[in-house]
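Engineer: Guided by the hints, dock chain Y onto chain C, whose structure is given.
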Amino acid sequence: MTDRDIHADADNLLVAGDPTAPVKAVKARNQWLDVWDQFKTHKGAVASLLFLIFIALFVLIGPWLWGLDPAALDIRNKDVRPIVNALWGAEKVSWAHPMGTDNLGRDLMAQIMQGGRISLAVGAAAMILAILIGTFVGVIAGYFNRLDGILMRLTDLFLALPLLPLLLVMMLLFRDPLRSAFGPEQGIFILIVTGIGITSWMHTARIVRGDVLALKEREYVLAARSIGTPSRRIITRHLLPNVLSPIMVSATLGLATAIITESALSFLGLGFPPDFPTWGKILADSVPRMTAFPERVIWPGLAISLTVLAVNYIGDGLRDALDPRIRGM
Amino acid sequence: MLDNAAKPSKPLVQVRDLQMHFPIYSGLFRRQTGAVKAVDGVTFDVMEGETLGLVGESGCGKSTCGRAILRLYDITGGEVAIDGARIGKMSQGDLRPLRPAMQMVFQDPQASLNPRMTVEAIIREPLDEHTKLTAAEKEKKVGELMDTVGLNRRFAKRYPHAFSGGQRQRIGIARALALNPKFIVCDEPIAALDVSIQAQVVNLLEDLQEQFGLTYLFISHDLSMVRHIATRIAVMYLGKVVELAPRGPLYEEPLHPYTKALLSAVPEPDPALAQTRERVVLQGDVPSPANPPKGCNFCTRCPAVMDVCRQIEPTYQEVRPGRFVACHLYESTGTADATAGHP
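Chains as they are written, first to last, in the numbering used here: chain C, 28 to 356; chain Y, 612 to 954.
Careful, some of the hints might be misleading.
[Said to hold, decoys possible] A partial selection of chain Y residues facing chain C, derived with a Cβ cut-off under 8 angstroms:
hint : residue
1    : Leu681
2    : Arg707
3    : Ala712
4    : Gln714
5    : Met715
6    : Asp719
7    : Ala722
8    : Ser723
9    : Leu724
10   : Asn725
11   : Pro737
12   : His741
[Unchecked claim] Here are the computed lysine-lysine pairs in the DSBU-like style, where the Cα-Cα straight-line distance is at most 35 angstroms:
hint : chain 1 : residue 1 : chain 2 : residue 2
13   : C       : Lys67     : Y       : Lys768
14   : Y       : Lys751    : Y       : Lys793
15   : C       : Lys67     : Y       : Lys751
16   : Y       : Lys871    : Y       : Lys793
17   : Y       : Lys768    : Y       : Lys749
18   : Y       : Lys871    : Y       : Lys621
19   : C       : Lys67     : C       : Lys243
20   : Y       : Lys749    : Y       : Lys700
21   : Y       : Lys768    : C       : Lys70
22   : Y       : Lys905    : Y       : Lys871
23   : C       : Lys119    : C       : Lys105
24   : Y       : Lys749    : C       : Lys243
25   : C       : Lys243    : Y       : Lys768
26   : Y       : Lys768    : Y       : Lys752
27   : Y       : Lys749    : C       : Lys67
28   : Y       : Lys749    : Y       : Lys793
29   : Y       : Lys752    : Y       : Lys700
30   : Y       : Lys700    : C       : Lys243
31   : C       : Lys243    : Y       : Lys752
32   : Y       : Lys743    : Y       : Lys621
33   : Y       : Lys743    : Y       : Lys700
34   : Y       : Lys743    : Y       : Lys793
35   : Y       : Lys793    : Y       : Lys752
36   : Y       : Lys621    : Y       : Lys700
37   : Y       : Lys743    : C       : Lys243
38   : Y       : Lys743    : Y       : Lys768
39   : C       : Lys243    : Y       : Lys793
40   : Y       : Lys751    : Y       : Lys768
These are calculated hints, taken from the structure and not from any lab test.
Just so it is clear, the structure is predicted and the values come from calculations on it, not from any experiment.
Glycine is no exception: its CB is placed at the ideal position from the N, C-alpha and C atoms.
For reference, chain C alone in the conformation it holds in the complex (with noise of 0.2 angstroms):
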């Protein structure tokens, strides 16, 4: 029992013993003052989430903190080891290269802040756009009976397709185009966020259309209908609130796909142009001499994995704290 239900019943109390006091509805408190309570009860989401804000931080801040240019070479310092390899008397280490230098030279730390930031906007924006396709025809599929059938196929055929070798072909398809018309870096960017975004939602749209199929024999959404809620807003207040939970764990595994499927392109040399760093590729690059360079896959490959670890962790703990029974309300 929390303070706060205590207090509440000492109200209660009050009023009970006292007929002439006004009965007043308590003042509403806000609702997500309670979903942060609970939130914070759950001891992982609450260290991802300042794990997350770190490493936001460390990509955002960090380039320019640091000073660094990730594209400089600097043939003398190449091969430089992570300041670590100093405590069992290793060779070549700077604390001016604390992550240690890659075989042209360029500052590792540098390349992990420049390459984070984009890893977590494709990341983030083809798990966005994923999610939205995907909650789209699921909703859309599940509800409508007279869609289900051609929007499910649809389903099947983008799963039915290899992704890796599509994306390739739009790769070499759009590349040019969309260079010229938002400039190399952005071009690319939107190109493998939508290509990344289009071909991973079906997972989503899939578990999506079960639950709507399911919930809107609820009798809840019958008592809407008996109300005379339309159809679209019987999906956004009484379906969409409760399918959350799916959409959520889909969300935060979709962000990891991304990241990685954005790796793989990088890994094919698809991604982004060569002097451009992002997790995947600083990864791609060091993998031919992993063998003698450990760090320079151990760094980018942390970086992933600890990112998607946080992100799964703070969907877990929102998908709980957004439901009302867990909340205990």
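Structural biologist: Positioned in the frame of chain C, the structure of chain Y alone reads:
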């Protein structure tokens, strides 16, 4: 008795030959191969201010009938008129302005409230949909409704899972009352509640009826509760109304063999009387509504079955003033006065 004293003046709801069939699809090409005849030709009137009890065993189409009358389904055939408006074939869009006059209270108070909405939001939903009140006016109205159904206003910001079954049913009733309806379909509103709470909710429904002049279609399988609340009672069997009569006469002298069997199943509290009572036990199961028997629907289980029952479907007719029966046993009086359900 109340039956004669409060004789209602005019019918508020007229149901004529209502049919609600659910198609069955099967085979490779999902072709329609049949239909579940959940409601198959139901005719009755509900008078203004009365409570019409609709009883029958589970699966006989009571709930479907109630929902079809409110056009929660697209009905297969027949006509429904509420307060003079023929709504049987209206589109849902045209129906929307008429919705405030007819509301529904659901069976499962847990399932009929959205778990993600506060009580206030649930009761406010009809107001949001049909009125142009300001937020403050809506809040005031929600408070009044909560008072009316006996809920503490302090609970307005709580979620349905924090309430007991009886309280949840009160929330559902408050939602149904929000738009000042004339006609409420109560779809087994007490079936999911404890006996002690059942009485509270039924008394609340009766008080509200008196206060607001409501008309109820009270669907239930609890015969003693229907006896308590209903003015007239319609008995359904396999999608059809077999008997409709005022409460007193129906319980004193049931006409249809099915009604007799049904009423003999009501427990008798007096052991002396219970000893002498004749219990009619029906043999067999209810036939599938997808494949009802030829002739009378009840002919497979009827203790008084005749040859004609297996051939010809009995007409639903008024055999005595105010008493309608669909049975060959009473058909000899002539079929000329087989009119609709007016008393």
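Engineer: For a quick check of understanding: which of the numbered hints are violated here, in increasing order?
Structural biologist: 3
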